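Trainee: My request is simple: use the sequences and hints to build the entire structure.
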Amino acid sequence: MRLEVEGLAARRGGDMIFEGIRFALGAGEAMAVTGPNGAGKSTLLRVLAGFLPPAAGWARVTNAADGAGDIAAHAHFLGPVNAMKPALTVRENLDFWRIFGDAPLLEPEEALGRLGLDHVIDVPYSDLSTGQRRRVAIARLLLNRRTIWLLDEPTSGLDANAEAVFAGLVGDHVAGGGIVIAATHLSIAVAGMKRLRFAERAPA
Amino acid sequence: MIALIVRDIRLGVRAGGGALIGILFYLAVVAVTPFAFGPDLNLLSRIGPAILWVGALLASLLGLERLFRIDHEDGALDVLVMSRFETPLALTVFGKCVAHWLVTGLPLVIVTPLLGLLLNMEIAAIGATALTLLVGTPAITFIGAAGAAVAVALPRGGLLVSVIILPFTIPVLIFGVMASYGAVEDPAPFVQPFAFLAALTLFFAVLGPFAAAVALKGLQD
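Going down the list, the sequences are from chains A and B.
If you read the first sequence in the numbering used here, its first letter stands for residue 1, the second for the next number, and so on.
If you read the second sequence in the numbering used here, its first letter stands for residue 1001, the second for the next number, and so on.
Quick caveat, the hints were computed from the structure, so don't treat them as lab data.
Model, not experiment: these values are computed from the prediction.
C-beta atoms are modelled at their ideal positions from N, C-alpha and C, and glycine is treated no differently.
Some hints here could point you the wrong way.
Stated by the list, open to error - Simulated restraints on C-beta separations:
no., chain 1, residue 1, chain 2, residue 2, range
1, B, P1107, A, T62, 49 to 59 Å
2, B, R1014, A, G20, 44 to 54 Å
3, A, G176, B, K1217, 24 to 34 Å
4, A, A9, B, L1134, 50 to 60 Å
5, B, I1002, A, D172, 24 to 34 Å
6, B, P1155, A, A191, 40 to 50 Å
7, B, I1002, A, E107, 37 to 47 Å
8, A, S156, B, Q1220, 16 to 26 Å
Mentor: Below, the structure written as structure tokens:
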């Protein structure tokens, strides 16, 4: 599988956020999107995930096993908010996402175990700390097999230890033939990661 | 989709789900109307089905905004929309509507007999009104899904949802009340308006989720 982006541009409210983005990632490749706040990192991910239509250019998946060219059909999206319900327990939240998606991979217990959180599985999500909530949201990526991970500030709220664990998960996913695109202002320690750097936008 | 329905019902009945607010609002509307009409028991029992229907309609509108709003705020809607290649979005919306109706619409039907007694209605009229509400209120939820999807990204979209969908709910109201009267007043027909009411629900059960799916896919935020 290959993710190709050509001449991509995006607008928000009339302002051109970025244009002329071009890159290609093959299976087993990861890319960090870096840059200052407001440079367009999140917008790029939302365009890739199909939430925003591109103003120009295209982004698509080629050589996919099942033929669908939409990135969204092959991708997990981890946004800045966690997509978990405070009123449900961690297990109920993860069980739901696991059943709702295709290609189940890990059980919620195992996925949480990878993040060192197996002791909170029956706790209501609302009782967790900020960092724990983020780790549960990351655990969702492990529940269903999807080749592409689109991660928007994945490590926000994580301590150094959890960041290292997370970098390990990203490394495992890439080693297994996955593709990862992470927008972050911190560096994620994954070997061989490519970089796409957004510069400060020139004042209009 | 079953998992989605189960999740939404759980969310609806647990604390903060807001399922009770619709019932309280329904009770308030029905309890206040007799004071406005004065102490005429015959008048009250004659217009009873209409009062119950207006109360139930307004109470259903009240909770519709929550249908997608909370999922939008906590990011779950993004994931649901992205899963459209596995579970078609219209099916996801349909599941959310079913869960929403079970949590907010069905309780309105269940308390209707009690409120009918407050309005001095006959048993047959109460039964007929509860039956028409049971068949008719799902249509309001399905229509509302389209309105809620359009307004989901707007701050304070609640009132807007009501204004958008109110015109589309008027046929449901007309046939619902007509069928309720038809069951108790002799020359008036029951079967025809009731069949129309059922047809409206089935029609909007298909159209509403599709319209909502289009709106959610085109959110662009």
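Trainee: None of the hints should be skipped; say for each whether it holds.
Mentor: The hints, checked one at a time:
no., hint, in the structure
1, B:P1107 to A:T62: 49 to 59 Å, "holds (51 Å)"
2, B:R1014 to A:G20: 44 to 54 Å, "holds (49 Å)"
3, A:G176 to B:K1217: 24 to 34 Å, "holds (31 Å)"
4, A:A9 to B:L1134: 50 to 60 Å, "holds (52 Å)"
5, B:I1002 to A:D172: 24 to 34 Å, "holds (32 Å)"
6, B:P1155 to A:A191: 40 to 50 Å, "holds (44 Å)"
7, B:I1002 to A:E107: 37 to 47 Å, "violated (19 Å)"
8, A:S156 to B:Q1220: 16 to 26 Å, "holds (24 Å)"
The structure does not agree with numbered hint 7 stated previously, though it agrees with all others.
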